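Put together the whole structure using the sequences plus the hints.
The listed protein sequences derive, respectively, from chains A and B. Just so we're aligned, residue 748 is where the first sequence starts under our numbering, counting upward by one. Just so we're aligned, residue 748 is where the second sequence starts under our numbering, counting upward by one.
Do not rely on the hints blindly, as some may be mistaken.
Because identical chains cannot be distinguished in the list, a pair is counted as satisfied if it fits within a single copy or across any two copies.
Below, in silico cross-link-like pairs of lysine-lysine (DSBU-like), each with a Cα-Cα straight-line distance of 35 Å or less [what the hints assert, rightly or not]: (1) Lys1039 with Lys850; (2) Lys850 with Lys777; (3) Lys890 with Lys777; (4) Lys850 with Lys761; (5) Lys850 with Lys890; (6) Lys1039 with Lys777; (7) Lys890 with Lys761.
No lab work stands behind these hints, which were simulated from the structure alone. Computed from a predicted model, the values in this text were never measured in an experiment.
2 protein chains.
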Amino acid sequence: MNIDMIRAAEARAKGHVRETPLLWAPGIDKIAGRRVFVKAECLQLTGSFKFRGGWSAVSALDPDTRARGVIAFSSGNHAQGVGLAARMHGVPAVIIMPRDAPKAKIDGTRAFGAEVVLYDRETEDRDAIGAALSAERGLTLIKPYDDAQVIAGQGTAGLEIAAQAAGITSADVLVCCGGGGLTSGIALALEANAPGLRARPVEPEGFDDVTRSLAAGRIVRNSRLSGSICDAIVTPQPGEITFPILSRLCGSGIAVPDGDCLHAMAAAFRHLKIVLEPGGAVALAAALYHPKAVEGDAVIVVASGGNVDPEIFQRAVRT
Amino acid sequence: MNIDMIRAAEARAKGHVRETPLLWAPGIDKIAGRRVFVKAECLQLTGSFKFRGGWSAVSALDPDTRARGVIAFSSGNHAQGVGLAARMHGVPAVIIMPRDAPKAKIDGTRAFGAEVVLYDRETEDRDAIGAALSAERGLTLIKPYDDAQVIAGQGTAGLEIAAQAAGITSADVLVCCGGGGLTSGIALALEANAPGLRARPVEPEGFDDVTRSLAAGRIVRNSRLSGSICDAIVTPQPGEITFPILSRLCGSGIAVPDGDCLHAMAAAFRHLKIVLEPGGAVALAAALYHPKAVEGDAVIVVASGGNVDPEIFQRAVRT
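Below you can see the structure in the form of structure tokens.
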């Protein structure tokens, strides 16, 4: 995993993956008490940065392999990213989802062109289903974060940040972090193109495996995997590929409570006119409500959208 | 009023006014039954295209005149556009607003750095107050749409559309239209830089003075000025400067009911992750729900944000 792979992913993405804007607003700066620049990944195709990784992985396959199709396990943004990337390449995508996944997510994934295969979490083994389908059809598995080409795709957001924030010589770049694919990709891109900028992972309180792993110097797991409104970025532990990168390049992690994410969603609605999901709002929440955790006159945050539950959004806007 | 003024406004705007993205999403195309490209002016500073006109007008003043400050009558987006443009130039802005304007709009305008002067609609004459203040302090009045430099600023959105939609040789460009400043500016920019694209005004049903004026070949007024959730684009009649331009360059107007605007806001929330206000969603509503009013394989719409009432937004998202 290195910067050349990110640059190659950027070249493959040109004209297909959207360059998202770096936004700011006086009302946001006022809450944070410093300049805040928001990399609006909610404006990426499918509404989340996951499309970058999906596009990178699908476009990196050799044409014969790609033509047979791709497969992913996901009930959320990764599914949609892979689904749309496959459709735009004209190849099939199979997404394995639990039968009890929210209907909106199942429909959303189908709308992006994927074939959804449902399984029963109690009685069926999703890995066995996936393996059988892959063998039968010759599908290539695309993992959500611990995959070099996926990390390379997410890293293209870091190349954009380095170019867009060229006037900022020193700042923290707060990144919404699950398994660390986006954070490690951005960290590598910044190391190469903007060494004064430092990536820092932000997670939901109670699901801060990356923050605790960085502090411990070894991979530490979350004790539970449900119970946060930031479900989009809840993962069991940092990846085998991502953790060494995070460990070498990132500053310490930050964990924020769910309530702060709702407030950050409301601030983004009001001042930036963008729609974030809770997990995509953690980094903005850290910038707005945990100013002492961040150093410098300016801060850059990565914000993402994805599958926003209208009920939760309404709750946020009412706050 | 000509294309050279728009190009000059663009030169003055460089590095200050945001180039907004032209977004698309499969879910939007599916509803509309054709390709839809959304010029997301809600991502402009202050949340609406009005900042373009405000910046253009303030930046066009000679330095001595500008230093004395500017004044505007507005309870909405124009106030914030002028307010922020003045603050970014380091000069004072006075905004005259009715005392019964929503507190959120008064606070919002103050937040962008303007001095707000309130008047009583029943007992006071706002023009007299404005004239007295202007005389006393040497302020320059910036009108919301019937002002050549304001039209020139709004027209910079049209120059961006022409460049961003370079692959589209023929299409309607649907524009949310009040007094016609944005529509006429875009129409002039397209005439020069993308003659295959045609600007068309979109208005709320019952407040379609521009649509009826274009049909009649002369300026026709609205019979009432309140009662639409699209209050941001309700004006008495087309402007004296804007109407001849609209008349020469635009296709027929389209009027859409308020309910369609709520649905369009929900579609933008869900598929594009952007926040529109009702008046900023009329053009998207026309593209999505009035396909027969539009010709061609693709359509471009201009969408804007501004002062979004959280209650109305929640109503839209619930639909």
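Each hint tested on the structure:
1. Lys1039 with Lys850: between (40 Å within a copy, 32 Å between copies)
2. Lys850 with Lys777: between (39 Å within a copy, 19 Å between copies)
3. Lys890 with Lys777: between (39 Å within a copy, 29 Å between copies)
4. Lys850 with Lys761: within (33 Å within a copy, 45 Å between copies)
5. Lys850 with Lys890: Answer is within: at 22 Å inside a copy they meet the 35 Å cutoff, but 49 Å across does not.
6. Lys1039 with Lys777: Close inside one copy (15 Å), not across copies (46 Å); limit 35 Å.
7. Lys890 with Lys761: within (22 Å within a copy, 42 Å between copies)
The structure agrees with every numbered hint stated previously.
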